[in-house]
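Okay, here's what each chain looks like letter by letter:
Protein chains: 2
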Amino acid sequence: MFKVNKLTDYATVLLIEIARRKVVQSSQHIAEQTGIPSPTVAKIMKSLNRAGLVASRRGASGGYSLERAAELITLADVIQAVEGPIALTACADTSDEHCNIESICPVQGKWNRANTAVRAALTQVTLADMVADMTMFGVPQHVAQTTAAE
Amino acid sequence: MFKVNKLTDYATVLLIEIARRKVVQSSQHIAEQTGIPSPTVAKIMKSLNRAGLVASRRGASGGYSLERAAELITLADVIQAVEGPIALTACADTSDEHCNIESICPVQGKWNRANTAVRAALTQVTLADMVADMTMFGVPQHVAQTTAAE
DNA sequence: AAATACAGGACTAATTCAGTCCTATTTACC
DNA sequence: GGTAAATAGGACTGAATTAGTCCTGTATTT
Ligand code: FES
Ligand code: FES
Chain P
8 MFKVNKLTDY
18 ATVLLIEIAR
28 RKVVQSSQHI
38 AEQTGIPSPT
48 VAKIMKSLNR
58 AGLVASRRGA
68 SGGYSLERAA
78 ELITLADVIQ
88 AVEGPIALTA
98 CADTSDEHCN
108 IESICPVQGK
118 WNRANTAVRA
128 ALTQVTLADM
138 VADMTMFGVP
148 QHVAQTTAAE
Chain D
8 MFKVNKLTDY
18 ATVLLIEIAR
28 RKVVQSSQHI
38 AEQTGIPSPT
48 VAKIMKSLNR
58 AGLVASRRGA
68 SGGYSLERAA
78 ELITLADVIQ
88 AVEGPIALTA
98 CADTSDEHCN
108 IESICPVQGK
118 WNRANTAVRA
128 ALTQVTLADM
138 VADMTMFGVP
148 QHVAQTTAAE
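From first to last, the protein sequence lines stand for chains P and D.
The end of the first sequence is residue 157 by this note's numbering, with every number in the run present.
The end of the second sequence is residue 157 by this note's numbering, with every number in the run present.
Hints are supplied without guarantee of correctness; some may be wrong.
No copy labels: a pair is met if it fits in one copy or bridges any two.
Okay, derived cross-link-like pairs now, DSSO-like style, lysine-lysine, Cα gap no bigger than 30 Å in a straight line [to be verified]:
| id | residue 1 | residue 2 |
| --- | --- | --- |
| 1 | K10 | K53 |
| 2 | K29 | K50 |
| 3 | K50 | K13 |
| 4 | K50 | K10 |
| 5 | K29 | K53 |
Please keep in mind that the hints were generated in silico from the structure rather than gathered at the bench.
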């Protein structure tokens with residue numbers, strides 16, 4: 008199945024939780040709210056911070072908050088933060104958008120168009136969209152565990 | 008990194024090889040042409056056949072040929088054939104397009120839009136496009152090994 | 001100064017993927 | 001009709017990736 012990492016799915020849950028409450032929340036607190044184990048939450052939050060999606064504050068009463076509005080955070084951003092670059096096939100390119108040896112690489116040529124198309128698709132979907140789609144179904148996200156219980 | 012399986016990349020190489028020569032080719036022969044190990048080629052070809060992307064002929068002088076024109080085979084088709092359904096997050100849905108429990112599933116709601124967008128993106132890219140992109144770079148695909156050899 | 005919370009990274013366990021191989025069935029050709 | 005060529009299906013193993021945990025260090029508040 009063609010899918011994103013589990014951690015990426017978690018990441019969206021965490022970001023949505025942070026977006027809902029506007030205040031700074033500790034990694035620990037977010038874990039309790041979402042039901043995701045706190046070491047894992049900590050790991051993901053570090054990635055999100057390094058990618059500049061959330062702002063962090065150290066020390067007592069520190070924690071995380073969104074760096075920008077949910078409308079400005081795209082799925083492409085989240086995936087890149089957690090999994091690294093969006094490139095449908097393995098490539099030496101880790102940096103920007105274009106690989107500098109692609110002219111001699113027989114693999115990338117054919118996947119270029121696909122990469123671009125997928126990146127564009129994922130850039131169209133924002134965090135705000137995901138929140139909207141969720142509430143459309145009338146399900147507050149912390150019900151996850153309740154419904155899972157048989 | 009957000010990427011497709013290695014086998015899916017192989018599959019595109021195989022399909023391109025089949026598209027170039029118009030005749031029926033055996034799995035063995037395709038393996039020799041592309042440099043991909045023949046048991047692996049056999050495995051992939053079976054998937055492609057089950058998905059209806061290639062036609063097979065058993066028996067002596069049998070082999071595979073494209074079921075339809077390269078313009079009509081999309082990347083979404085290839086990925087689905089090799090990896091199964093395109094669903095960015097795990098879901099009970101294995102069948103068509105819609106999961107029948109999605110109304111009570113807090114995960115899928117938020118990913119629905121993304122799934123649709125990615126599927127659409129991958130449907131836009133055809134095998135014919137990939138061939139064109141490759142030849143644009145002037146690299147016949149079997150050079151892969153040559154360039155890889157340091 | 002002490003407590004709280006993030007930063008970075010090493011490490012292990014679990015899962016998934018890639019690759020191989022075996023047996024059965026179908027078809028061409030002599 | 002018999003033999004060889006080729007696909008169909010599926011079981012199995014080893015490799016690679018991912019998920020999850022934990023430890024040590026640094027910054028900040030009280
Ligand atoms: S390695 Fe970058 S284009 Fe192939
Ligand atoms: S399991 Fe199908 S929508 Fe969640």
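Cα distance capped at 30 Å. Does K10 pair with K53 within a copy, between copies, both, or neither?
For K10 and K53, both the intra-copy (22 Å) and inter-copy (22 Å) Cα distances are at most 30 Å.
K50 and K10: within-copy, between-copy, both or neither at 30 Å Cα
Intra 21 Å, inter 22 Å, cutoff 30 Å: intra and inter.
Homomeric proximity label, K29 with K50: Cα distance no greater than 30 Å:
Result: close within a single copy only, 21 Å intra versus 52 Å inter.
At 30 Å max between alpha carbons, let me know whether K29 reaches K53 within a copy, between copies, both or neither.
within (19 Å within a copy, 52 Å between copies)
At 30 Å max between alpha carbons, let me know whether K50 reaches K13 within a copy, between copies, both or neither.
Both. Shortest intra-copy (13 Å) and inter-copy (28 Å) distances satisfy the 30 Å Cα cut-off.
Hint check: no violations occur; every hint is consistent with the structure.
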